[in-house]
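There are 2 protein chains.
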Amino acid sequence: MLYLIGLGLGDEKDITVKGLEAVRKCKRVYLESYTSILTVGAKRLAEFYGKEVIELYREDVESEAFKILKDADKEDVALLVVGDPFGATTHSDLLLRAKEDNIEVKVIHNASIITGVGCCGLQLYTFGEIVSIPYWNENWEPDSFYDKILVNYKNNSHTLCLLDIKVKEPTPESMCRKKKEYMPPQFMSVKEACLQILKKLEKIGDSASPDDLTKETIVVGLARVGCETQKIVAGTLEELSIIDMGEPLHCMVIPGKNLHPLESDYLVPYATAETALKLKGN
Amino acid sequence: MLYLIGLGLGDEKDITVKGLEAVRKCKRVYLESYTSILTVGAKRLAEFYGKEVIELYREDVESEAFKILKDADKEDVALLVVGDPFGATTHSDLLLRAKEDNIEVKVIHNASIITGVGCCGLQLYTFGEIVSIPYWNENWEPDSFYDKILVNYKNNSHTLCLLDIKVKEPTPESMCRKKKEYMPPQFMSVKEACLQILKKLEKIGDSASPDDLTKETIVVGLARVGCETQKIVAGTLEELSIIDMGEPLHCMVIPGKNLHPLESDYLVPYATAETALKLKGN
Numbered sequence: 000m001l002y003l004i005g006l007g008l009g010d011e012k013d014i015t016v017k018g019l020e021a022v023r024k025c026k027r028v029y030l031e032s033y034t035s036i037l038t039v040g041a042k043r044l045a046e047f048y049g050k051e052v053i054e055l056y057r058e059d060v061e062s063e064a065f066k067i068l069k070d071a072d073k074e075d076v077a078l079l080v081v082g083d084p085f086g087a088t089t090h091s092d093l094l095l096r097a098k099e100d101n102i103e104v105k106v107i108h109n110a111s112i113i114t115g116v117g118c119c120g121l122q123l124y125t126f127g128e129i130v131s132i133p134y135w136n137e138n139w140e141p142d143s144f145y146d147k148i149l150v151n152y153k154n155n156s157h158t159l160c161l162l163d164i165k166v167k168e169p170t171p172e173s174m175c176r177k178k179k180e181y182m183p184p185q186f187m188s189v190k191e192a193c194l195q196i197l198k199k200l201e202k203i204g205d206s207a208s209p210d211d212l213t214k215e216t217i218v219v220g221l222a223r224v225g226c227e228t229q230k231i232v233a234g235t236l237e238e239l240s241i242i243d244m245g246e247p248l249h250c251m252v253i254p255g256k257n258l259h260p261l262e263s264d265y266l267v268p269y270a271t272a273e274t275a276l277k278l279k280g281n
Numbered sequence: 000m001l002y003l004i005g006l007g008l009g010d011e012k013d014i015t016v017k018g019l020e021a022v023r024k025c026k027r028v029y030l031e032s033y034t035s036i037l038t039v040g041a042k043r044l045a046e047f048y049g050k051e052v053i054e055l056y057r058e059d060v061e062s063e064a065f066k067i068l069k070d071a072d073k074e075d076v077a078l079l080v081v082g083d084p085f086g087a088t089t090h091s092d093l094l095l096r097a098k099e100d101n102i103e104v105k106v107i108h109n110a111s112i113i114t115g116v117g118c119c120g121l122q123l124y125t126f127g128e129i130v131s132i133p134y135w136n137e138n139w140e141p142d143s144f145y146d147k148i149l150v151n152y153k154n155n156s157h158t159l160c161l162l163d164i165k166v167k168e169p170t171p172e173s174m175c176r177k178k179k180e181y182m183p184p185q186f187m188s189v190k191e192a193c194l195q196i197l198k199k200l201e202k203i204g205d206s207a208s209p210d211d212l213t214k215e216t217i218v219v220g221l222a223r224v225g226c227e228t229q230k231i232v233a234g235t236l237e238e239l240s241i242i243d244m245g246e247p248l249h250c251m252v253i254p255g256k257n258l259h260p261l262e263s264d265y266l267v268p269y270a271t272a273e274t275a276l277k278l279k280g281n
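In the order they appear, the protein sequences are chains A and B.
Going by numbering that gives the first Met the number 0, the first residue of the first sequence is number 0, and it counts up by one from there.
Going by numbering that gives the first Met the number 0, the first residue of the second sequence is number 0, and it counts up by one from there.
Hints are not guaranteed to be accurate.
For chains that are exact copies, the list does not tell them apart, and a pair is met inside one copy or across any two.
Said to hold, decoys possible - Under the rule of at most 20 angstroms between Cα atoms (straight-line distance), these lysine to aspartate or glutamate pairs were calculated in the EDC-like manner:
{"id": "1", "residue 1": "199", "residue 2": "46"}
{"id": "2", "residue 1": "12", "residue 2": "205"}
{"id": "3", "residue 1": "179", "residue 2": "46"}
{"id": "4", "residue 1": "279", "residue 2": "92"}
{"id": "5", "residue 1": "73", "residue 2": "137"}
{"id": "6", "residue 1": "98", "residue 2": "227"}
{"id": "7", "residue 1": "26", "residue 2": "140"}
{"id": "8", "residue 1": "230", "residue 2": "201"}
{"id": "9", "residue 1": "230", "residue 2": "210"}
{"id": "10", "residue 1": "179", "residue 2": "20"}
{"id": "11", "residue 1": "177", "residue 2": "63"}
{"id": "12", "residue 1": "179", "residue 2": "103"}
{"id": "13", "residue 1": "230", "residue 2": "103"}
{"id": "14", "residue 1": "277", "residue 2": "227"}
{"id": "15", "residue 1": "199", "residue 2": "54"}
{"id": "16", "residue 1": "165", "residue 2": "146"}
{"id": "17", "residue 1": "98", "residue 2": "264"}
Read the hints as simulated data drawn from the structure, not as lab findings.
In this text the structure is predicted, and so the values were computed from the model without any measurement.
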């Protein structure tokens with residue numbers, strides 16, 4: 000049996016009782032370590048489970064699925080995924096392969112940022128399509144996420160923005176070498192995401208329509224959702240571009256154009272002084 | 000402290016380890032019993048926790064919040080919610096009241112149908128706004144959900160349709176009496192939801208545009224997501240209007256107009272014969 004087990008959002012104790020029971024009877028336990036992170040590492044998980052936990056990176060899950068699936072028709076194997084197992088595309092690919100090999104699969108669901116984001120008080124029912132904001136570099140500034148945000152914004156839907164993660168990325172210099180060297184992990188902060196959006200707004204400049212975002216648009220930054228140190232700040236794009244939200248993981252919401260009064264009320268205690276005034280006037 | 004604890008989607012063991020630890024130290028434990036259900040009842044939860052579990056219905060949570068919050072500044076009280084605590088609006092209202100009373104609140108997240116629906120292989124990133132389909136009766140056939148589905152459909156986003164639940168609804172005859180009598184609980188099935196949509200399509204009739212749904216539109220019915228007896232069927236609206244998906248809870252997805260090949264592949268094993276052919280030709 001292949002168990003695909005969600006770990007939820009916080010630490011080692013956010014696994015479900017069912018998930019923990021499954022992990023404890025598995026022969027091999029893998030941890031997917033490239034689409035998200037908990038506030039604790041694989042070592043702490045291993046201690047809590049009383050099991051060895053093998054960390055996997057993108058290249059492993061995508062190219063070496065056969066290793067994970069090896070003997071899974073005869074013994075129990077677990078792949079642990081931060082959040083819910085269906086939060087990332089890669090895993091439905093793995094499930095398809097397991098089915099081809101006639102391996103039984105059991106999914107144990109858990110909290111995902113897709114619902115966890117509700118902690119800021121914005122109604123989950125009025126979220127539109129999710130976007131991912133990728134890191135920009137000198138040569139490449141992909142901004143298709145911005146158009147998707149606008150579709151939601153005009154439609155009065157909130158947009159959950161997932162922020163880029165780079166884990167175990169080879170350094171450019173080692174790309175062609177046999178022995179790769181890796182860059183330190185990078186987790187995009189709310190601050191960095193706001194700076195990229197402000198840069199996009201600058202590019203749009205005078206051709207902005209009344210439906211475009213502005214540096215005064217209210218956004219909600221969230222850090223470490225579901226953890227003891229969770230932090231939520233509501234402020235303008237400009238305000239959040241200078242606020243440090245601390246340790247990863249961060250995400251951000253661009254609320255729809257008009258908030259429900261209950262939503263504004265809920266955000267006020269998290270808002271910067273100026274934004275709190277605006278929310279109260281909503 | 001007020002704990003708001005998600006129970007996830009399946010049975011008593013879908014609570015997180017953190018959630019279980021919190022429940023076990025609470026003085027009073029309430030269960031919200033009107034927006035969703037597990038496959039097990041309050042009695043089984045109570046046995047598993049070793050605690051009394053007090054069931055609450057809509058009228059209680061909305062009108063008697065003060066009972067739940069009573070002494071929660073001095074002792075630990077838990078409100079258990081099927082799925083994730085932020086799945087229903089009512090709870091953010093309760094949180095606001097707790098804040099007004101200076102009661103500390105801790106939320107323990109869990110799986111919700113909003114992410115659990117990913118088990119059918121449709122990508123969570125391409126879901127648009129969620130809709131709720133209400134029961135129709137002789138006098139009232141509200142269908143604003145249909146327009147929302149169309150917005151997503153044309154935009155190539157999937158729509159998660161949550162199906163109506165009626166728990167502890169007073170019988171019409173007892174509405175004005177002091178001692179209310181209640182109707183048996185009702186949980187809308189995928190079949191019933193499809194029949195209502197087909198009825199709507201009949202009303203539209205000849206004035207249908209090419210963007211409207213038809214009885215040939217492929218939809219995905221899901222029952223008891225996250226449970227041992229989970230069932231998924233992909234078929235046309237017409238096909239699913241005659242298929243019995245069994246015990247509650249059901250929900251349904253209207254996929255966007257064009258599926259990603261990986262999504263079609265994933266749906267094939269769940270599809271009716273005719274729909275499987277269509278999906279393979281996709």
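Comparing the hints with the structure gives:
1. Taking the closest pair of Cα atoms, residue 199 and residue 46 never come within 20 angstroms of each other, the shortest separation being 45 angstroms inside a single copy and 56 angstroms across copies.
2. In this homomeric assembly, residue 12 and residue 205 never come within 20 angstroms of each other (Cα to Cα): the closest approach is 51 angstroms inside a single copy and 56 angstroms across copies.
3. Neither within a single protomer nor between protomers do residue 179 and residue 46 lie at most 20 angstroms apart by alpha-carbon distance, with minima of 30 angstroms and 54 angstroms respectively.
4. In the homo-oligomer, the alpha carbons of residue 279 and residue 92 lie at most 20 angstroms apart only across protomers (17 angstroms), although the nearest pairing inside one protomer, at 46 angstroms, exceeds that limit.
5. In the homo-oligomer, the alpha carbons of residue 73 and residue 137 never lie at most 20 angstroms apart, since the shortest distance is 50 angstroms inside one protomer and 55 angstroms across protomers.
6. In this assembly of identical chains, residue 98 and residue 227 lie within 20 angstroms of each other by CA distance solely across copies; the values are 17 angstroms between and 39 angstroms within a copy.
7. Taking the closest pair of Cα atoms, residue 26 and residue 140 never come within 20 angstroms of each other, the shortest separation being 44 angstroms inside a single copy and 54 angstroms across copies.
8. Proximity of residue 230 and residue 201 under a CA criterion of 20 angstroms is satisfied in neither setting, with 28 angstroms inside one chain copy and 50 angstroms between copies.
9. Taking the shortest Cα distances, residue 230 and residue 210 never come within 20 angstroms of each other, neither inside one copy (29 angstroms) nor across copies (43 angstroms).
10. When the C-alpha separation of residue 179 and residue 20 is checked against a cutoff of 20 angstroms, the pair qualifies neither within a copy, at 37 angstroms, nor between copies, at 44 angstroms.
11. Within a single copy, residue 177 and residue 63 get their C-alpha atoms as close as 18 angstroms, which meets the 20 angstroms cut-off; across copies the closest is 66 angstroms, which misses it.
12. Taking the shortest Cα distances, residue 179 and residue 103 never come within 20 angstroms of each other, neither inside one copy (35 angstroms) nor across copies (49 angstroms).
13. Taking the shortest alpha-carbon separations for residue 230 and residue 103, only the inter-copy value of 15 angstroms comes in at or below 20 angstroms, while the best intra-copy value is 40 angstroms.
14. Taking the shortest Cα distances, residue 277 and residue 227 never come within 20 angstroms of each other, neither inside one copy (29 angstroms) nor across copies (49 angstroms).
15. Taking identical chains as interchangeable, the C-alpha atoms of residue 199 and residue 54 are never at most 20 angstroms apart, the minima being 36 angstroms within one chain and 51 angstroms between chains.
16. Taking the shortest alpha-carbon separations for residue 165 and residue 146, neither the intra-copy value of 24 angstroms nor the inter-copy value of 39 angstroms comes in at or below 20 angstroms.
17. For a Cα distance limit of 20 angstroms, the shortest separation of residue 98 from residue 264 across copies, 11 angstroms, qualifies, whereas the shortest one inside one copy, 48 angstroms, does not.
Hint violations for this structure: numbers 1, 2, 3, 5, 7, 8, 9, 10, 12, 14, 15, 16, all remaining hints satisfied.
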